[in-house]
Amino acid sequence: ANANDNEREGILASFVEEAAALAGLYHPNVANIIDRGVADEVPYLVLEYLIGADLKQYSVARRMTLFELRRVVLESCAGLAALHNAGLVHRDIKPANLWLRLPLAGGVRFDPDKHRDPAITPPLTTVVIDFGMVRAVRVPAESGGRFVAGTAGYIAPEQVLDPVELDPRADVYALAATIYNVTTGRAFFDEIENYRDRIIAHMRRDPFEDAERLKIYPAAVAKLLRAATAKKPTHRPTPMEFGKAFAEAL
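Numbering (our numbering), first residue to last: 2 to 251.
By construction, these hints were calculated from the structure, which means they are not laboratory data. Cβ coordinates follow ideal geometry from the N, Cα and C atoms, glycine included. Careful: at least some of the hints might be erroneous.
DEER-style ranges, computed between Cβ atoms [to be verified]:
(1) Glu42 with Arg64: 41 to 49 Å
(2) Asp211 with Val17: 32 to 40 Å
(3) Lys115 with Glu166: 39 to 47 Å
(4) His236 with Pro104: 35 to 43 Å
(5) Asp41 with Val61: 33 to 41 Å
(6) Lys216 with Glu166: 32 to 40 Å
(7) Gly186 with Asp118: 16 to 24 Å
Straight-line alpha carbon distances no greater than 20 Å define the calculated SDA-like cross-link-like pairs of lysine to any residue that follow [said to hold, decoys possible]:
(8) Lys216 with Ala231
(9) Lys216 with Pro29
(10) Lys224 with Ile200
(11) Lys57 with Ala137
(12) Lys232 with Ile200
(13) Lys245 with Pro29
Make the full structure from the sequences, and use the hints.
This is the structure we're talking about:
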């Protein structure tokens with residue numbers, strides 16, 4: 002077998018292990034895995050059917066207030082803590098991968114003109130979704146491949162520097178980026194047009210090097226966002242620490 006075959010086998014073996022960990026996890030803030038497997042060497046996950054909208058759709062309709070975000074952040078942090086306790090890192094937290102369950106009748110799709118007002122259609126709970134990039138915290142290098150997983154604007158520096166060595170607090174960095182996006186309509190380093198250069202910027206630059214970007218937030222929230230986007234993951238809060246501090250800051 003050549004190196005590519007070995008790497009492919011390693012990735013499949015890693016998927017099987019991570020899918021088993023996900024399937025064994027039942028938490029109200031993590032999408033439930035209905036089925037999993039490998040068909041024709043292609044791995045797949047089947048998730049529960051969710052009614053509502055992802056945070057990207059919801060915030061594009063109208064930017065979110067910090068008050069609206071309080072519960073979303075607390076529940077997202079609870080879901081991430083559950084993943085981390087199972088030995089997993091999501092690696093791609095962003096608005097599109099946080100789902101708001103909404104009290105919509107079966108078959109009714111989210112309509113921003115009808116369902117964006119929380120006083121009329123209050124979100125029921127927040128669910129972490131899309132596990133296509135989930136990775137076990139400790140996995141042999143040959144099992145996971147060395148490709149960079151994540152999305153520009155949200156990816157933690159260490160995911161760029163060393164895709165093999167992972168810390169769960171990469172997801173906290175991405176959650177801070179998500180909060181910034183849904184409250185401002187901006188993403189980290191979105192002034193950079195080249196996608197590769199944007200990815201590299203996460204590794205080399207501070208997303209809040211322009212302090213003006215933090216002026217819209219209360220001082221305690223601004224301080225927390227800075228801590229959550231520290232270059233070293235060990236300098237960031239854990240999900241539960243972040244959620245608690247965010248709620249207390251409002």
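Hint by hint, here is what the structure shows:
In this structure the supplied range 41 to 49 Å holds for Glu42 paired with Arg64, their Cβ-Cβ distance being about 43 Å. The beta-carbon spacing between Asp211 and Val17, approximately 44 Å, falls outside the hinted interval of 32 to 40 Å. Remark: the range hint 39 to 47 Å for Lys115 to Glu166 is upheld by a beta-carbon distance near 46 Å. The hinted window of 35 to 43 Å between His236 and Pro104 holds, with their beta carbons roughly 40 Å apart.
Judged by the Cβ atoms, the range 33 to 41 Å given for Asp41 and Val61 holds: they are separated by roughly 37 Å. Range check, Lys216 to Glu166: about 35 Å between beta-carbon atoms, so the 32 to 40 Å window is met. For Gly186 and Asp118, the Cβ-Cβ distance of about 19 Å falls inside the hinted range of 16 to 24 Å, so the restraint holds. Between Lys216 and Ala231 the CA atoms are separated by roughly 18 Å; this keeps the pair inside 20 Å, and the hint holds.
About 34 Å separates the Cα atoms of Lys216 and Pro29, which puts this hinted pair outside 20 Å; it is violated. Restraint check: the Cα-Cα separation between Lys224 and Ile200 comes to about 24 Å, which exceeds 20 Å; the hinted pair is violated. Note on Lys57 and Ala137: the hinted pairing is violated, with a Cα-Cα distance of about 26 Å set against a maximum of 20 Å. Of the pairs offered as hints, the one joining Lys232 and Ile200 holds, with about 14 Å between alpha carbons and a cut-off of 20 Å not exceeded.
Proximity of Lys245 to Pro29 is assessed by CA-CA distance (about 18 Å); at most 20 Å being required, the pair is judged to hold.
Of the numbered hints listed earlier, those contradicted by the structure are 2, 9, 10 and 11.
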